[in-house]
Amino acid sequence: MAQVHLKNVSKSYGALEVVHGINLDIDHNEFVVLVGPSGCGKSTTLRMIAGLESITGGDVLIGENIVNDLPPRDRNISMVFQNYALYPHMTVGENLGFSLKIAGKSQDQIDAAVAEAAAILSLTEYLERKPGALSGGQRQRVAMGRAIVRHPDVFLFDEPLSNLDAKLRAQMRVEIKKLHQKIQTTIVYVTHDQVEAMTLADRIVIMRDGHIEQQGTPLEVFEAPANTFVATFIGSPPMNLLDGIVQQDGTLQLGGGVTLNVPQQYTAKTRPGQKVVLGFRADNLMPCGHSLPMEGESAEIEMTVVLSEPLGTETLLFGALAGQEVQAKMLNPRPVSNGERMMFNLDLTRVHLFDGESQKSLR
Amino acid sequence: MDINLRHRIRARLLKAAQMVTLFIAMSIICIPGLWVVLNSFRPTVEIMAKPPVWIPNELNLDHYRAMFGGVGQGGVPVLQYFTNSLIISITSTLIAILVGMAGGYAFARYRFKGKGAIFIGLMLTRAVPGVALSLPLFIVMARTGLIDTHIGLIIVYVAMNVPFTIWLIDGFFRQVPRELAEAAEIDGCTRWQAFWKVEFPVARAGVASAGIFAFLTSWNEYALASQLTRSTFSKTMPVGLRDFTSEFTINWGGMCALAVLMIIPALILTFLVQKHLIAGLTFGGVKG
Ligand SMILES: Nc1ncnc2c1ncn2[C@@H]1O[C@H](COP(=O)(O)OP(=O)(O)OP(=O)(O)O)[C@@H](O)[C@H]1O
Ligand SMILES: [Mg+2]
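Sequence order for the protein chains is A and B.
Quick note: the first sequence uses the working numbering, first residue 1, plus one each step.
Quick note: the second sequence uses the working numbering, first residue 364, plus one each step.
Bear in mind the hints are in silico, worked out from the structure with no lab data behind them.
The reader is advised that the hints may include incorrect statements.
[As the list claims (entries may be wrong)] Computed beta-carbon distance windows for the label pairs:
no., chain 1, residue 1, chain 2, residue 2, range
1, A, S135, B, P564, 21 to 27 Å
2, A, T199, B, Q637, 34 to 40 Å
3, A, A133, B, I450, 41 to 47 Å
4, A, K101, B, T633, 30 to 36 Å
5, A, Q181, B, T633, 54 to 60 Å
6, A, S135, B, W555, 30 to 36 Å
7, B, P564, A, D202, 35 to 41 Å
No residue lacks a Cβ here, since even glycine has one placed at the ideal position from N, Cα and C.
Model the full structure from these sequences, guided by the hints.
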């Protein structure tokens, strides 16, 4: 159990800086998920916390101590790797007990700790096997078991589920969540899967190009994205974004002659002539008669459906608005034929406006 | 005719053809060896007979008895040669493996200046035929007083084997994921422990196969050894074979008997580590 602090931490490979002075404070027992597109520096950041990668600038603190120059073994952390990195020449039991053996624990202590970890992860019957004779999900659990036997201060996970199929991934996600509740340890978890991030995290940290774009609870980043990048990265389907210009009369002119009122919550924050980006999720654009009751301000929009994706309880509708593709959601769906023109309700209380230049939220 | 039957017959025929081809190939490979073994057990008359006698009339241990016998009766210092060979081969193999592990690991894991050039340079040394170096080597060894010593040959064999062991072991360490050592470090190991407790055991098969190659190279080497050794004190077994030639005669039987003694340790070694060797060869063979 420990806090982790990154203070202005940067990393360069030669002249190329890949992590640009990031600041991050992680609390006791907090489950923090670093998420972002490929190559944004998530693994690098995690590996700097682990001590597998030297840091170019700034400070890494675990607990109260600056650990910048400590080797991994002195940081009391454990890590689960994407490819599990199980020791292939040892049995599952030996894999689990390896760290304790290195630490010079007695065989009795090791056996007890291994048995406990194996019980938590239902690995007891595989203790004698070599990792080569395990399925992907079992290997994954061994990797987690190896991490928990030591009761480390901090757990680090680098895309631990990305080698599993969709069903197993959903299952392991739940197991990791349960594990965290059971063992109460600070966790830093890297993934590029926003669903994993949303479901696991106490706090999500969204990274891009070596910068932190936003951090907050899953709901915060979902409901109040700080910029268009976060808006499209978090949530599925991604948020619809349409370019527009604020008019003198307080309306918002989108392309293709579509005009809306600037939503009330934004009127004070925009000025005429300003370029903005309008963002809304598919859940807030629904066909009339197939939507949730809307209390606040809303706008009616006519749109041609070019494609529909029935998902059972709802149907995703793809249409073109102001020259751009947008997605809408239909509740209590009825069959929709391609090319059908429909009226839609846009819930203006839930739309987002971003500045057209900086792409930052105008909230 | 039933189409299935036809296919079955075709498959049988192919199988038979395969066996025959295999038999011929194996014969070509094995007959010289078997001939040596056979000759070591039969009288010289029969060895020299023309046309050759394929089925021996009489088998005995005369050649072996003579070989181990006194100097007067065609004896040679077999045990001394055997010891020389063993000392030289084992020592040079151990050194070549240690250097090969250090070098191979460095090439597999670290980035350093001139890495590519050094690697190519090492490989190029293999392109030079050893015999071409025998004269310069002879001069150097003579000047340094290493002619006719174990150490002299050990140095030569280490030099011969190191590029090869580096290359082979480099390939094996490349196969070991970096994360294994990293996981070990997180589990509390120092770099050194991570290597010996995780990376080395995982690549052990590869190191073993490099070791066998190095050992067999030293064990069998003749050309350089014949230049650099003179006396019983340092002659290796391949060089010892020449003891059976005199000005006018060649004692083929004795030579074959010594050759058999030479083959045996190599065979035993290969059988002992065969499992590793095959695992190692395929393990490295996937991506090399
Ligand atoms: N050894 C290296 N030398 C130079 N650049 C590197 C090195 N390692 C990583 N990088 C660069 O650093 C950046 C961040 O890499 P990192 O592995 O942290 O990305 P990531 O966010 O984990 O991506 P992914 O989701 O694909 O794993 C990348 O642009 C990568 O090309
Ligand atoms: Mg990564």
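Hints the structure fails to honour:
Failing hint: just 2.
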